[in-house]
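Just so you know, the sequences run in chain order A and B.
Using our numbering, read the first sequence as starting at 1 and increasing by one per residue.
Using our numbering, read the second sequence as starting at 1 and increasing by one per residue.
It is worth saying that the hints were derived from the structure and are not from the lab.
Among the hints, erroneous ones may be present.
[Unchecked claim] Here are some, though not all, of the chain B residues that point toward chain A, as calculated from beta-carbon distances under 7 Å: (1) S18; (2) F22; (3) N49; (4) L64; (5) G75; (6) A79; (7) C91; (8) G129; (9) M132; (10) L154.
We put the beta carbon where it would ideally sit given N, CA and C, even for glycine.
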Amino acid sequence: MTQAMGVKRAEKRVALAALFVGFLKVSLLGFGGGLVWARRIAVDQQRWLDDHEFAEILTLCQFMPGPNIVGITLCVGSKLRGAIGAITAVAGFILIPWTVGLALGGLCLQYAHLPVLQNILGGISAAAAGLMIATGIRLLLPHRSRRTALLFAALAFAGMALTKLPLVVVLLGLAPVSIAVAGITSAKAS
Amino acid sequence: MNSPSATVALVAHLALLSSISFGGFPSVLPDVHNFVVANGWVTDREFANFFAISGVVPGPNMILMMSLVGLQVGGIPGAVASALATFGPPCVMYYTAYRLWDRFRDMPWQRIVRLGLAPLTIGLVIAGGYVMARAADTRWPSAMVTGAAVGLMLATRLNPLWILMTGGALGGLGLL
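Chain B extracted, bound-state conformation (with noise of 0.2 Å):
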């Protein structure tokens, strides 16, 4: 655990990432590695851990995600915040723009800086998959289990749970 001022600073980036998260939490996934990691609070396998117990259990995983590193760095009380300061932000302009909503339904702009953030939130996301494997992938096996999830989620319908728990197999089988 850390001094109380790394949870504040935890908390506060992670604040100001979730109020800007277009495209979800997983745009903002390398901004918080890096930060997470150059401060020291948490190392590239940790981090990737997180990743992957977030993945395989239901519900808010990226909330989750935040919260185990907010509970690394600062408690149980990191835990909380952290979770809050991951949905707080966002719900405040949800609502908020939920009650304008009808005032800007139909303006042209609303469509165009649609178009204009999109093909930036996907590359993020993109990003957050790359900087994760980055993370994962220490040997070429893990690699090939990356490069074999994209194929199987791209190729076929297949539950994501089972790609996730081939992978967690396979691990522990000790091939990777």
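The following block holds chain A by itself, in its conformation from the complex (with noise of 0.2 Å):
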């Protein structure tokens, strides 16, 4: 069935404003989760990929650094239509909502020096830290039965957080031996 839609879904070829306006509604709809926007209108609303088609790109992502949500919208955007679709995604993902946000941001600032909107930012970020920790916690759940999986987490954690070690130095140190050892483990259950 989804091969079906594949072959339907390749005659047609997507316009660039489409692409644009496309991603710029993931940008502004996703608070927190942007990628359940993403799925949402490439996959159910235009039908611009399926699910299988999806799943591989954001995988893909997962591997890579930087902001997934980024390389999500890019490569959706230079598999549709090349580099400049690429291109085209990424601006209607970022162009302006940061525009718009680095405005509002900076008026905002301009008045941080304020005790009540100090305060709000204070309440604010604290929950903000705690929301990212919970999205930590929830990223370790699947792994919680390697116990060398969590190990490497605490290295991490303790290496970033508590020594306040340059991440390169972290990366480096522990990268290695983690994938080693997540190396010689799968050799052993294979």
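Hints given; two lone chains; assemble the complex.
Next up, the structure:
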């Protein structure tokens, strides 16, 4: 069924304007979780690609550094219209929301010395810190049966949060060992 | 505002960090925090403010947060350059990788590298939250807000925006 849809879809060429607007929507709707909206718009609403193709792009992007949602945007644009599609999709995602956000943010910071605003921002950032910790915990749950994974997560946490080492040092120090351990354990398992 | 060399140093640092930001930009937040605070460009409080503002504005939050840091260090040019440094290098990598994807899609090493990197990036995301909590939670009531946010986010399917707004409202009422 997905293949039949794929054939139908490949016949029409997606307009660059539609790409721009589509990812502008993803960006504006995506409070906290842009991924949900990226899938809803690209797969369900526009039928630019099917679930299988979307999952493949997601896997690639999770494997890469940088904001994953920007990577998804770029890959979908690239898949549909090549390099110019990639640029258009990313521009749609970033340009307008960034400009508006920076203007609002800059304005807000002009008044950041006011006690009321200071208190509001303090409350928001306390809550936002909690959301980030919760996101990390949720990501960790699927790995909880692997004791070495928990160990390396704890080491990365300690290296960054407690010792204040530069990230490059923490990653270069831990990544080779962690990958080697993952290789040994999966070789044993198979 | 600081000297132009400060902007250059910030942008170079952001470009380096974005190139190694496996697991997204939250994983490099502690490093950015330590870097800009140690250089005296941004205070703990201001960094927490940037975090709060970028959290309630829709759109690319982390790019916006780094732009606010850049705005503080080098004005509008600093903001634009910081945004580019945050998403530019990863975009080049995404594009290249997407083109090469077919060649290494079924390689077993790819799964192993991912298994090895995943716990590290998760530990770094939690460290990011911890460092931001340290900057934001000056007294025990705000620490309780952080704790409650963790609990609500894990236990309910509430839209995170409500949690942020509740935190802001409690702060605005002078309860924190």
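How the hints compare with the structure:
For B:S18, the shortest C-beta to C-beta distance to chain A is roughly 6 Å, which falls under 7 Å, so the interface hint holds. Look at B:F22: its Cβ gets to within about 5 Å of chain A, closer than 7 Å, so that hint holds up. For B:N49, the interface hint holds, the least distance from its beta-carbon to any beta-carbon of chain A being 5 Å, beneath 7 Å. The criterion of a C-beta within 7 Å of any C-beta in chain A is met by B:L64, whose closest approach is roughly 4 Å, and the hint holds.
At its closest, the beta carbon of B:G75 sits 10 Å from a beta carbon of chain A; the interface hint therefore is violated under the 7 Å criterion. For B:A79, the interface hint holds, since its Cβ comes within 7 Å of a Cβ in chain A; the closest pair sits about 6 Å apart. Below 7 Å, beta-carbon pairs count as interface contacts, and B:C91 has one with chain A at about 6 Å; its hint therefore holds. Checking B:G129 against chain A: minimum C-beta separation of about 3 Å stays under 7 Å; hint holds.
Checking B:M132 against chain A: minimum C-beta separation of about 4 Å stays under 7 Å; hint holds. Hint on B:L154 holds. Least Cβ distance to chain A is approximately 5 Å, under the 7 Å limit.
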